[in-house]
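Student: Sequence:
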Amino acid sequence: MAKEEGIVQSVDRALRLLEFIADPGPGTRLSDLAKRAGLAVSTTHRLLTTLERRGFVQHDPISNSWAVGQRAHLVGESFSLHGNLVVPARPILRQLRDATRETANLGVIEAEEAVTIAQAESREIMRAIAPPGGRVPVLNSGMGKAIVATWPDDAIEHLVARQGLRPLTSRSLRSKSEVFDEIARIREQGYALDDEEYVIGMRCVAAVVWSDTSEAVAALSVSGLAARVTPAQAHRMAADVVAAAARLTDSIGGVPA
Numbered sequence: 001m002a003k004e005e006g007i008v009q010s011v012d013r014a015l016r017l018l019e020f021i022a023d024p025g026p027g028t029r030l031s032d033l034a035k036r037a038g039l040a041v042s043t044t045h046r047l048l049t050t051l052e053r054r055g056f057v058q059h060d061p062i063s064n065s066w067a068v069g070q071r072a073h074l075v076g077e078s079f080s081l082h083g084n085l086v087v088p089a090r091p092i093l094r095q096l097r098d099a100t101r102e103t104a105n106l107g108v109i110e111a112e113e114a115v116t117i118a119q120a121e122s123r124e125i126m127r128a129i130a131p132p133g134g135r136v137p138v139l140n141s142g143m144g145k146a147i148v149a150t151w152p153d154d155a156i157e158h159l160v161a162r163q164g165l166r167p168l169t170s171r172s173l174r175s176k177s178e179v180f181d182e183i184a185r186i187r188e189q190g191y192a193l194d195d196e197e198y199v200i201g202m203r204c205v206a207a208v209v210w211s212d213t214s215e216a217v218a219a220l221s222v223s224g225l226a227a228r229v230t231p232a233q234a235h236r237m238a239a240d241v242v243a244a245a246a247r248l249t250d251s252i253g254g255v256p257a
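Take 1 as the starting number for the sequence shown in full-length UniProt numbering and just add one per residue.
These aren't lab readings, by the way, just hints derived from the structure by calculation. For glycine and all other residues, C-beta sits at the position ideal for the given N, C-alpha and C. A portion of the hints provided could be inaccurate.
[Stated by the list, open to error] Simulated restraints, written as ranges between beta carbons of each label pair:
1. ARG162 x ARG94: 51 to 61 Å
2. ALA99 x ARG46: 18 to 28 Å
3. ARG174 x SER10: 36 to 46 Å
4. GLY190 x GLY134: 22 to 32 Å
5. ARG16 x ALA184: 49 to 59 Å
6. THR49 x GLU178: 17 to 27 Å
7. HIS59 x ASP154: 35 to 45 Å
8. ASP60 x ARG16: 13 to 23 Å
[What the hints assert, rightly or not] Think about it this way: if two alpha-carbon atoms lie no more than 20 Å apart in a straight line, the pair counts; the simulated SDA-like pairs of lysine to any residue are:
9. LYS176 x SER211
10. LYS176 x ARG166
11. LYS176 x ILE156
12. LYS35 x ARG46
13. LYS176 x SER214
14. LYS176 x THR213
15. LYS35 x GLY55
16. LYS176 x ASP195
17. LYS176 x GLY164
18. LYS35 x HIS45
19. LYS35 x ARG13
20. LYS35 x THR50
21. LYS35 x HIS59
22. LYS176 x LEU165
23. LYS35 x ARG54
24. LYS176 x GLY201
Construct all of the structure, not just a fragment, from the sequences and the given hints.
Tutor: Right, dumping it as structure tokens:
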């Protein structure tokens with residue numbers, strides 16, 4: 001078989017083994033998997049051991065068989081969650097972009113970072129964009145702060161203790177007292193503001209999207225150049241952002257806390 005350009009052979013082989021384990025077919029013992037993959041038993045064992053170390057597969061010494069690991073399940077659940085959010089969010093993001101003329105974003109918290117998973121870009125020539133897949137320290141992000149503000153105070157305390165504060169600009173949060181002052185402000189007004197706390201020259205307004213169990217599953221935001229999204233304009237935009245987040249909450253069967 002001819003090699004496909006750009007393919008990393010060891011990665012391709014490991015993923016094929018994971019697919020065989022997920023869809024057992026003839027068997028999931030080492031010798032079975034090696035035969036199905038057309039690999040030497042020693043090569044197959046090295047690949048499986050690597051996947052096991054990362055938590056993607058697990059070995060049962062009693063049956064001497066291999067099964068899908070917890071990490072693979074977590075990746076699958078993450079895809080399911082994002083898919084369930086992104087599809088209904090797309091028209092809402094476009095409406096929010098058109099209403100504000102700025103970039104509209106959908107984000108979640110993963111590994112204590114705010115991650116953009118969908119976006120409708122502003123049509124303005126000069127625009128500030130953190131592309132989908134971009135990760136931001138959670139307390140430097142409007143979307144991250146909006147979600148964190150729904151957490152109990154002790155969970156926020158643990159977050160600050162574990163992660164610390166990362167003052168990326170002169171306007172970033174720098175102490176635990178500043179964090180809780182900001183959380184109180186978000187809870188009172190119903191939306192969060194990234195006031196040039198991640199990048200100087202960029203401002204963001206964000207509001208929470210609720211799940212069917214009344215948990216903050218995501219956040220919607222509008223982001224743009226600070227010269228255009230002035231503090232006064234940001235607070236005016238907040239009504240559009242909160243309304244859009246409420247529409248997405250309703251479309252996924254969410255229940256506001």
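Student: For the pair supplied as a hint, LYS35 and THR50, confirm whether the alpha-carbon distance does not exceed 20 Å.
Tutor: holds (19 Å)
Student: Given the proposed pairing of LYS35 with ARG46, does the C-alpha separation stay at or below 20 Å?
Tutor: holds (15 Å)
Student: Holds or violated: LYS35 with ARG13, Cα cutoff 20 Å?
Tutor: Given that 20 Å is the threshold and the Cα spacing comes to 13 Å, the pair holds.
Student: Given the hinted pair LYS176 and SER214, is their Cα-Cα distance within 20 Å?
Tutor: Judged against 20 Å, a Cα distance of about 26 Å means the pair is violated.
Student: Measure nothing beyond the straight line between the CA atoms of LYS35 and ARG54; if it is 20 Å or shorter, mark the hint as holding.
Tutor: Distance ~23 Å between LYS35 and ARG54 Cα, so the pair is violated.
Student: So if I understand the rule, the pair passes when the alpha-carbon distance is 20 Å or less; does LYS176 with SER211 pass?
Tutor: violated (28 Å)
Student: 51 to 61 Å was suggested as the range; check whether the CB atoms of ARG162 and ARG94 agree with it.
Tutor: Roughly 37 Å apart at Cβ, these two residues miss the hinted range, so it is violated.
Student: Against the 20 Å threshold, does the CA-CA distance of LYS176 and ILE156 hold or violate the hint?
Tutor: Roughly 10 Å separates the two Cα atoms, so the pair holds.
Student: ALA99 and ARG46, beta-carbon distance inside 18 to 28 Å?
Tutor: violated (55 Å)
Student: Does ARG166 lie within 20 Å of LYS176 when you go C-alpha to C-alpha?
Tutor: holds (12 Å)
Student: Take a look at whether the Cβ-Cβ distance between THR49 and GLU178 falls inside 17 to 27 Å.
Tutor: violated (46 Å)
Student: Starting from LYS176, check that the Cα of ASP195 is at most 20 Å away, please.
Tutor: holds (18 Å)
When the structure is compared with the earlier hints, violations turn up for hints 1, 2, 6, 9, 13, 14, 15, 23 and 24 and for no others.
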